[in-house]
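A.B. asks: Below are the chains, spelled out letter by letter.
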Amino acid sequence: MVFLRVENISKKYDDRFVLEGISLDVEKGEILAVAGPPGSGKTTLLKIIAGLIKPTSGRVYIEGVDITDVPPYSRGFSMVFETPPVYPDRSGYENIAFPLKLRKLPEDEIRKRVYEIAELLGIKHVLNRKPSTYSGGEYQRVALARALVTNPRLLLLDEPFRNLDAKIREHMVVWFKQFQAKLGVTIVYATHDPLEAFTVGNRVAILLNGRVKQYGSPIDILRNPVSHDVDEFISIPALNTFKVYFKSSGEGILINLNSIVIEARVKLNTESSEGEAMASVRPMDIRISKTPSEGAIPGRVELIQYLGANILATVRVDDLSIRVVVPKDMVVREGENIYLTLNPSKIRLYEVSSGRRLDVV
Amino acid sequence: MELRIVSKALKYIVIGVFALWTLVPLTWIVSLAFKSYAEWRVSYFVPKNPTVDNFVLLFKPQELLGKYGVMGATAIIESATKPLLNSLVVTVAATVLSVFVGFFTAYGASRYRAPGPFTLFFTLLTRMLPPAIFITPIMVYYSNLGMLDTYFGLVFLYSAVTVTYAIWILKGFIDAIPVEWEEAAMLEGATPTKVLFRVVLPLVRPGLVVAGLFIFLLTWSELLFALVLTNINAVTLSVHISKYVGAVGQLFGPQAALALIGSIIPVVIGYAIQKHLVTGFTFGMVRG
Amino acid sequence: MEAEVAVDSVSKRFGDTVAVDGISFEVYRGEIFTLLGPSGCGKTTTLRIIAGLEKPDTGRVYIGGRDVTDLPPQKRDVCLVFQEYAVFPHMNVFENIAFGLKVRRIPSNDLRKRVVEVAETLGLTDYLNSRAGRVGLSEQQKIALARCMVVEPRVLLLDEPLTLVDAKTRERMRRELREIQRRIGITMLYVTHDQLEALMLSDRIAVMNRGRLVQIGTPIEIYDNPQSLFVAQFIGSPTMNFIEGVLKKYGGNLFLERDDFKMPLDAIAKYYDLEQLVDREVVIGFRPEDSSIDAKGALEGSIELIEVVGDKLALHIKVLKDVVVKVYTSIYEDVAAGSKVRISLNPGKVHVFDKTSGRKPLPIGGEHGIP
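Protein chains in written order, with full-length UniProt numbering: chain L, 1 to 361; chain B, 1 to 288; chain R, 1 to 371.
Hints listed in this document are in silico derivations from the structure and should not be mistaken for laboratory results. Be careful, since some hints might not be right.
Some residues of chain B that are not near chain L, with every Cβ distance over 12 Å (derived) [unchecked claim]: (1) K82; (2) T105; (3) T150; (4) L187.
Computed list of lysine-lysine pairs in BS3-like fashion (alpha-carbon distance at most 30 Å, straight line) [unchecked claim]: (5) L:K177 <-> R:K321; (6) R:K312 <-> L:K182; (7) L:K130 <-> B:K11; (8) L:K177 <-> R:K55; (9) L:K213 <-> L:K28; (10) R:K55 <-> L:K328; (11) R:K113 <-> L:K167; (12) L:K177 <-> L:K101; (13) B:K194 <-> L:K112; (14) R:K349 <-> L:K182; (15) L:K101 <-> B:K194; (16) R:K113 <-> B:K11; (17) L:K167 <-> R:K248; (18) L:K243 <-> L:K130; (19) R:K318 <-> R:K349; (20) R:K326 <-> L:K182; (21) L:K247 <-> L:K267.
Values in this document were obtained by computation on a predicted structure and should not be read as measured data. From the three backbone atoms N, C-alpha and C, an ideal C-beta is built for every residue, glycine too.
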């Protein structure tokens, strides 16, 4: 049975819809990652699931039971916010024990559970210390311990690693995924970073402007975005989008970009056999070469940025700025003239007005 | 380089002047308290014949005649015990009431929006009017209500007038607590009431202490209201001190003695609770 | 090239904690120089010392050739962009940018011209009349930048200006910042904990840890040739793979020995003087992109786990009984868990470190990048 079901949830503030028609299913033990830019409604959605905010319409079910009207203190969920509750005037032990004390559990039971969870999270050594002495990672793990010590049915996380150093965040995210696999708690994890969502989530919901635009496994979404705004959101470095003219021909279509014609073997998901469209290509799906060739687009290198394993080049083609990931051993200099070749199987077409995906894989 | 030395010297001089300004009257009172009648009007600090007579006199007013001759003859004074007690009771009660009401109001002010643009501003009004303006109508009301010369009357007025401080001090402390902590507590199983008492209240304990101490000090030394609104039963310390006046002048010694006792009590209380003033709050996230 | 900023043996402690421990470096005119390190490494304190907001316990600071150590911030010809931007929310954008000039009593015609010019350079022209508190975060950052640029300082100091911004906007702003700097040519001293940001933005990077300077170099130098274990594991995302063992010599050949496995290191011995490490505990490191799945590879293992990391697939390959090596492929690949693979390493891209000291042995005929 589906563990958590969010059915057609909408939330309106004044005359603006912060969330509209959100429907999601989460299986028991699964991590659902909700990814969206700031202001897309992630926190509102989490708070509605938690019961802290009442939806304007829609229902929330746990294991088939409608809990939409159940108050937050009776739902048995836990939430870790961006500024999680770790009270500064108390020790780690007291912080983690707090929710158990609220439930009036006996002292020895509390002791047992706090030590258990501290062991699991590797923070036994901070139990006697106050939060001002913690490192960022320890702080977040204490917050996590506090959320988990009550054995919640559902754990909600709102950008829990946002305030950590980049490197530490990387490690925490990977660690967290492994940790959850051991623990088996069902999780809804909100983040503004699409790559973090793909790393953490078993399934990912892309939330844009209050709507779920795509919902599936990370690989499905990465291989096959359904609309332009999803494609744009999940691409880091930023996606390249051009206005093109397409025309059906034989087994595929011809894409006309700046008078260069590219042939792509795709089927179209539209009635028209030709017309204007937006074509999107990721920076890693474009090749640079120093010599011209058939179908290669000439351009000039504007900016070089080092990524470590490779290089991000911003190339100027007429009035467009195109980003290309270049292998490190290719020495490219700013101001140099080069030629771009797009990988035709990695070009995606979108309708200009709606952003709807036009080509079918 | 020289500018630095000069500016440092200047700083010390200014501080020195202010220190003197504050300490001299205090020291004078201490010295007065231990001076006998003959030495009250002298200009030097250390009494040649220090005596505790003034202190004794506070609690055994019958000795007045004996010690202070003509002056003592026309002063009608009761023992200082009751006024001391009254002050303690009234001040503590007013402080507790003020902080109590202030806490709830501050919570509302911090977490919720009040109707109308100026609601919060009105809480400041009591501090903006000079007390002398409303003391007369208050006295009339009290008289009609039979609240003159009662504990209740004083406590009520004192709380009403100081609750502003409690609200504004506590609001600052409550504002510093992220709302998310209360939301988290609700998920942790706390009903809104529990959130208020088990989460917010303990976290603002230093604020309660600060507000409490501040209001205590204000109320403890208050004179005008007490003077007007009390007579015999609810006479407070400040009023009692003002009563040490004989036919030909003030009884400086006993006044200073009582003032000294009255000054020490809040200091002792403040010292005893100072550890609660430490918050340990670093509300920014620790990164790293 | 001239040094626009020079720091000489600067130290600073706060109470018992040593925040900065004897740091020296130079920043050349027109370059973006980044202080990179984990929280608490002393980078922000160093920046503040250069800005004049903190006094160093020892050492001197030079800006434009002048010793400014005893000068207050406003006399140093620098400008600091704070993490929180410190934009005045109730003034409009124009007034915000003009603030520094107003304080200096610049006449209004001149002031207007400069503000409009800088606004145009940063793309803020359309926002000049908007309330500064209402514009988006990246515009706010530009306002903070503009406020500094309009004063035309010698050096622009930036204290983690992109930390509060979301991932997608951050990526875009990194490009824009570098573009802007290239266009106006101002010397920038940048502080961050994000190594990718440092690699993308900087002309040179100074890696710091616990108050000390650990390595200085260009992004390529730091990435391709980390001189210590700390730099090796701190720089590069995904993180470098490490294998620990003892360096042994058998019959004139060098091996990495771990349990019962011997990995021949002769190919790598061409690049480093490994003789000094014989019989010592060492750590070899290689970046995921410098290893490949190769039927003739030296390391044999099986794919234990495949997971999505960002927009790539991470293959966790278990080699040598209990060592997991990560190799990354595109998400379009179809790989099966459990399959046996062999990994080969690019010998020129394998790094060797002494486990105890964390340091790299001297390269054959090469130079260290240690400051």
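A.B. asks: Confirm or reject each hint.
C.D. replies: Right, here's what the structure says about each hint:
Taking the minimum C-beta to C-beta distance to chain L, about 41 Å, the non-interface status of K82 of chain B holds against the 12 Å cut. Here T105 of chain B stays apart from chain L, with its beta-carbon at least about 24 Å from theirs, past the 12 Å limit. At roughly 40 Å from the closest C-beta of chain L, the C-beta of T150 of chain B stays outside 12 Å, upholding its exclusion from the interface. Not every Cβ of chain L is farther than 12 Å from the Cβ of L187 of chain B; the closest lies at roughly 5 Å, contradicting the non-interface assignment.
In summary, the hint linking K177 of chain L to K321 of chain R is supported, as the alpha carbons are separated by about 23 Å, within the 30 Å threshold. Our distance criterion of 30 Å between C-alpha atoms is met by K312 of chain R and K182 of chain L, whose separation comes to about 23 Å. Between K130 of chain L and K11 of chain B, the direct Cα distance comes to roughly 39 Å. Violation of the 30 Å bound is thereby established for this hinted pair. The suggested pairing of K177 of chain L with K55 of chain R is violated, with an alpha-carbon distance near 44 Å, which exceeds 30 Å.
The hinted pair formed by K213 of chain L and K28 of chain L meets the criterion: a straight-line CA distance of about 23 Å does not exceed 30 Å. For the hint pairing K55 of chain R with K328 of chain L, the CA-to-CA distance comes to about 42 Å; that exceeds 30 Å, so the pair is violated. This hinted pair does not check out: K113 of chain R and K167 of chain L have alpha carbons roughly 43 Å apart, beyond 30 Å. A hinted pair counts as satisfied when its Cα atoms are at most 30 Å apart, and K177 of chain L with K101 of chain L qualifies at roughly 29 Å.
Restraint check: the Cα-Cα separation between K194 of chain B and K112 of chain L comes to about 24 Å, which is no more than 30 Å; the hinted pair holds. For the proposed pair K349 of chain R and K182 of chain L, the alpha carbon gap of about 36 Å is over 30 Å, so the pair is violated. For the proposed pair K101 of chain L and K194 of chain B, the alpha carbon gap of about 12 Å is at most 30 Å, so the pair holds. In summary, the hint linking K113 of chain R to K11 of chain B is not supported, as the alpha carbons are separated by about 43 Å, beyond the 30 Å threshold.
Distance hint between K167 of chain L and K248 of chain R is unfulfilled; the C-alpha atoms sit about 33 Å from each other, more than 30 Å. The hinted pair formed by K243 of chain L and K130 of chain L fails the criterion: a straight-line CA distance of about 57 Å is larger than 30 Å. Straight-line distance between C-alpha atoms of K318 of chain R and K349 of chain R comes to about 21 Å, which keeps the hinted pair within the 30 Å bound. Using a Cα cut-off of 30 Å, the hinted pair K326 of chain R and K182 of chain L holds, with the two alpha carbons roughly 21 Å apart.
For the hint linking K247 of chain L to K267 of chain L, the alpha-carbon distance of about 11 Å falls within 30 Å, and the restraint holds.
Of the numbered hints stated above, those contradicted by the structure are hints 4, 7, 8, 10, 11, 14, 16, 17, 18, listed in ascending order.
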